[in-house]
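J.: Sequence:
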Amino acid sequence: MAAYSRNRFPLALVIAACSASLGHAADPVKDYPLRPVRLVSAFAAGGNSDMVGRLLAPKLAERLGQNFIVENRPGAGSMVGTAYVANATPDGHTILVMSGAFTAQAAVMKTLPFEPLRDFDWISMVVTYPFVVVVNAGSPIQTVGDLIGAARRNPGKLNYGSVGVGSVFQLAAELFNTMAGTDILHVPYRGSAEPMTELIAGRIDVIFTTLTGVYPQIQANRVRAIAVASLERSPQLPNVPTVAQTLPGYEVTSFAGLAVPRGTPRAVIARLNRELRAVLGEPDIRKRFIDLGGEVRPSSPEEMGRHLEGEIAKWKRIVAEKKIEIQ
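If you count by our numbering, then the sequence shown holds residues 1 to 327, one letter each, in order.
Any given hint could be a false lead.
Below, in silico cross-link-like pairs of lysine-lysine (DSS-like), each with a Cα-Cα straight-line distance of 27 Å or less [as the list claims (entries may be wrong)]: (1) LYS110 with LYS322; (2) LYS287 with LYS322; (3) LYS316 with LYS110; (4) LYS110 with LYS323; (5) LYS59 with LYS316; (6) LYS110 with LYS314; (7) LYS157 with LYS323; (8) LYS322 with LYS157.
Pairwise CB distance ranges (calculated) [stated by the list, open to error]: (9) GLY164 with ARG222: 14 to 24 Å; (10) ARG222 with GLN245: 23 to 33 Å; (11) LEU64 with GLY181: 44 to 54 Å; (12) GLN245 with THR89: 15 to 25 Å; (13) LEU231 with ARG277: 34 to 44 Å; (14) THR89 with GLY149: 20 to 30 Å; (15) ASN87 with ASP183: 26 to 36 Å; (16) GLY181 with PRO283: 37 to 47 Å; (17) LYS316 with GLY149: 42 to 52 Å; (18) ALA193 with ASP291: 16 to 26 Å.
Rather than coming from a laboratory, the hints here were simulated on the basis of the structure. Small disclaimer: the values here were computed from a predicted structure and weren't measured. In this text, a Cβ means the ideal position worked out from N, Cα and C, and glycines have one as well.
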């Protein structure tokens, strides 16, 4: 018995030490985040998703006690960065800052290096950006009605520019063609600056683009917005009517939202959603997004999922009807 008692005391100490160690081990859910968090933008620095990430990063870091670092991974029309997040460890430390390109790609591309609606869990919408219909400042087209009338009188004569085949900008214009019964021809360009340059020069008739991208040109009177594509008028352009006032039901908005790899713990997603909502409720953040041409729109993960599903379905109908293909 004496020998047994002498061996038992050290064993009890070992068990107690192990228990104490386990009691202080970090819980990857309760103690989230355990290390710096990456906000991945699938576009180069300076784009909308990059700006969203840089606005949110310091605020989220302040609330969650870890650095939030914006990481740009551009390439292949945002597919490189998006695929990177889809394949990341699902622990909440790698977050995708999504844009409207996500839904357009899901509708247009036959194959993608990720499954748009299966490889991600949604955190929340962040902001929406209304599209605007813009003409040259000297154009005789003053209203959506004028545009429809001119296009119907001269089928195939008017044209619009976009950043390329399959872009959300082309899809917005083709949705307009479908609903208005017009045939405004597509002129694709390779970058976002070219359509605007050509519109200002009078070599194309109209573009459908985000308010964020065109607002400085509108303010400088180089181009004129004839309508906004949101269902309600934009605070930045309160005197500009909506397309829906002439074409009921026409709505095109871009967005930014946050997503994580599928399988991220629900408690982590819930915390990120809660902290993001708090950040988006701050007056200075709301003002910054308004100044960028957006409107803060936080959501539940489920609401974000339904929005994405609806947008992808809408664009797939246009892609099929107009036979849009990426060469």
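J.: Against this structure, judge whether each hint is valid.
T.: Hints, one by one, checked against the model:
no.: 1; hint: LYS110 with LYS322; in the structure: holds (15 Å)
no.: 2; hint: LYS287 with LYS322; in the structure: violated (39 Å)
no.: 3; hint: LYS316 with LYS110; in the structure: holds (11 Å)
no.: 4; hint: LYS110 with LYS323; in the structure: holds (13 Å)
no.: 5; hint: LYS59 with LYS316; in the structure: violated (36 Å)
no.: 6; hint: LYS110 with LYS314; in the structure: holds (16 Å)
no.: 7; hint: LYS157 with LYS323; in the structure: holds (20 Å)
no.: 8; hint: LYS322 with LYS157; in the structure: holds (18 Å)
no.: 9; hint: GLY164 with ARG222: 14 to 24 Å; in the structure: holds (23 Å)
no.: 10; hint: ARG222 with GLN245: 23 to 33 Å; in the structure: holds (25 Å)
no.: 11; hint: LEU64 with GLY181: 44 to 54 Å; in the structure: holds (51 Å)
no.: 12; hint: GLN245 with THR89: 15 to 25 Å; in the structure: violated (48 Å)
no.: 13; hint: LEU231 with ARG277: 34 to 44 Å; in the structure: violated (23 Å)
no.: 14; hint: THR89 with GLY149: 20 to 30 Å; in the structure: violated (56 Å)
no.: 15; hint: ASN87 with ASP183: 26 to 36 Å; in the structure: violated (42 Å)
no.: 16; hint: GLY181 with PRO283: 37 to 47 Å; in the structure: holds (44 Å)
no.: 17; hint: LYS316 with GLY149: 42 to 52 Å; in the structure: violated (30 Å)
no.: 18; hint: ALA193 with ASP291: 16 to 26 Å; in the structure: holds (21 Å)
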